[in-house]
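Chain by chain, the residues run as shown.
Protein chains: 4
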Amino acid sequence: MDELNKTAETESSCHATSERRSHHSPEVKKNLTSRLNRIEGQIRGIKGMIDKDTYCDDVITQISAVQSALNSVSKILLEGHLKHCVVERVQEGDEEVVDELLTTIKRLMK
Amino acid sequence: MDELNKTAETESSCHATSERRSHHSPEVKKNLTSRLNRIEGQIRGIKGMIDKDTYCDDVITQISAVQSALNSVSKILLEGHLKHCVVERVQEGDEEVVDELLTTIKRLMK
Amino acid sequence: MDELNKTAETESSCHATSERRSHHSPEVKKNLTSRLNRIEGQIRGIKGMIDKDTYCDDVITQISAVQSALNSVSKILLEGHLKHCVVERVQEGDEEVVDELLTTIKRLMK
Amino acid sequence: MDELNKTAETESSCHATSERRSHHSPEVKKNLTSRLNRIEGQIRGIKGMIDKDTYCDDVITQISAVQSALNSVSKILLEGHLKHCVVERVQEGDEEVVDELLTTIKRLMK
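These protein sequence lines map, in sequence, to chains V, R, B and A. Quick note, the first sequence lines up with residues 8 to 117 if you use our numbering. Quick note, the second sequence lines up with residues 8 to 117 if you use our numbering. Quick note, the third sequence lines up with residues 8 to 117 if you use our numbering. Quick note, the fourth sequence lines up with residues 8 to 117 if you use our numbering.
Source of the hints: derived by calculation from the structure; they are not laboratory data. Heads up, some of the hints might be wrong.
A pair counts as met if it fits within one copy or between any two copies, since identical chains are not told apart.
[Stated by the list, open to error] Calculated cross-link-like contacts (lysine-lysine; reagent style DSS-like; alpha-carbon spacing at most 30 Å): (1) K117 with K59; (2) K82 with K37; (3) K36 with K117; (4) K37 with K54; (5) K36 with K54; (6) K59 with K113; (7) K37 with K90; (8) K36 with K59; (9) K90 with K54; (10) K82 with K59; (11) K117 with K54; (12) K59 with K90; (13) K37 with K59; (14) K113 with K36.
Isolated chain V (complex conformation) (with noise of 0.2 Å):
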């Protein structure tokens, strides 16, 4: 797919329920990647603990440091969401998006 194709898909991504997408800037996208790497790295640093006898207390640090990481990396997303697509489907009227928003955050309550 071009770029410019992508682009003008992204843009309509939000109100076609057929195939949602979502629509990060290339910044925020690299900035995501990024950290996923890093906590890929992790997650292999924590088989090496394990794999090694590393102290359990140490190991269960490491897997809370994951667990951060992992929660700054749904706040970016949950930013994008609202900011874009929650916003510009409210403004068009589609009040479904709410309770899809609902269903989100309840999960990341739990």
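For chain V, the structure is supplied; the task is to place chains R, B and A on it using the hints.
Just chains R, B and A, lined up with the frame of chain V:
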């Protein structure tokens, strides 16, 4: 390191203050490693979702699944730690392990 | 304040920056109040458990139940806020409400 | 029940399977009770906020404060439980207490 030495070291691991080690059975280590491999795959999947502009809600759902999977890993680690290290050290009269455990639990509760 | 004035004030509440108000229906308010009454009773029950040296595990179980009940109250409040205030203000072009909402969600996710 | 008998019962509480009791010092009990009194007051405050249509965000902030305060109560209870009951029973060779503790911790981690 040969298997015999490894076992010997493992057995004495709980009270070696110089360099504490964990001491999961081969079955538990295999279980933890396969869980972490699956988590690593999920993280790579989430990167792919970001790259393909997957709808935000679906990405957050996937992140929640990884958080639950990491929670399970923490619980397995903690169970092994409690049933071996904590019990052994408390029976030897070492109560410092209890403060350490409390710190770990507080980290998990945050 | 008479009921008529109260309603009038409530209806205009979402865009009064000087003094924002919530605007739950009488049914929702009754629901929230009865949940909070029950929670207050549970707290008193927990005080009684402490006083009578009830076993720690049972007290913690009871505290967890209160935490879940408070979570439900937060979700009901958030649902009302989203469906009324946020939708109304976004439709009026006020996007500041989205930053505010994000702060609230982050507080609930912590 | 007179104070003497109460103390006697408390001291033997950790290994009485028939009716387990907690055994916090008078200072800890006073601390817990005053925390719970404050929490009860906060709950009443939240009811008042609902009644007066206080802005949703402010109510949620107040609920979060109560959740943190309840978490602190759980941590104090757990610390007492670990340092007295768990240590005592493990030293007596009763390892069932460890499974019980694990269940409690998992409840706190949920």
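Each hint tested on the structure:
no. : hint          : in the structure
1   : K117 with K59 : between (33 Å within a copy, 27 Å between copies)
2   : K82 with K37  : within (15 Å within a copy, 33 Å between copies)
3   : K36 with K117 : both (26 Å within a copy, 23 Å between copies)
4   : K37 with K54  : both (26 Å within a copy, 10 Å between copies)
5   : K36 with K54  : both (27 Å within a copy, 9 Å between copies)
6   : K59 with K113 : between (38 Å within a copy, 25 Å between copies)
7   : K37 with K90  : within (18 Å within a copy, 33 Å between copies)
8   : K36 with K59  : between (35 Å within a copy, 10 Å between copies)
9   : K90 with K54  : between (37 Å within a copy, 21 Å between copies)
10  : K82 with K59  : between (33 Å within a copy, 19 Å between copies)
11  : K117 with K54 : both (27 Å within a copy, 23 Å between copies)
12  : K59 with K90  : between (45 Å within a copy, 19 Å between copies)
13  : K37 with K59  : between (33 Å within a copy, 13 Å between copies)
14  : K113 with K36 : both (25 Å within a copy, 20 Å between copies)
The structure fails none of the hints (numbered hints given earlier).
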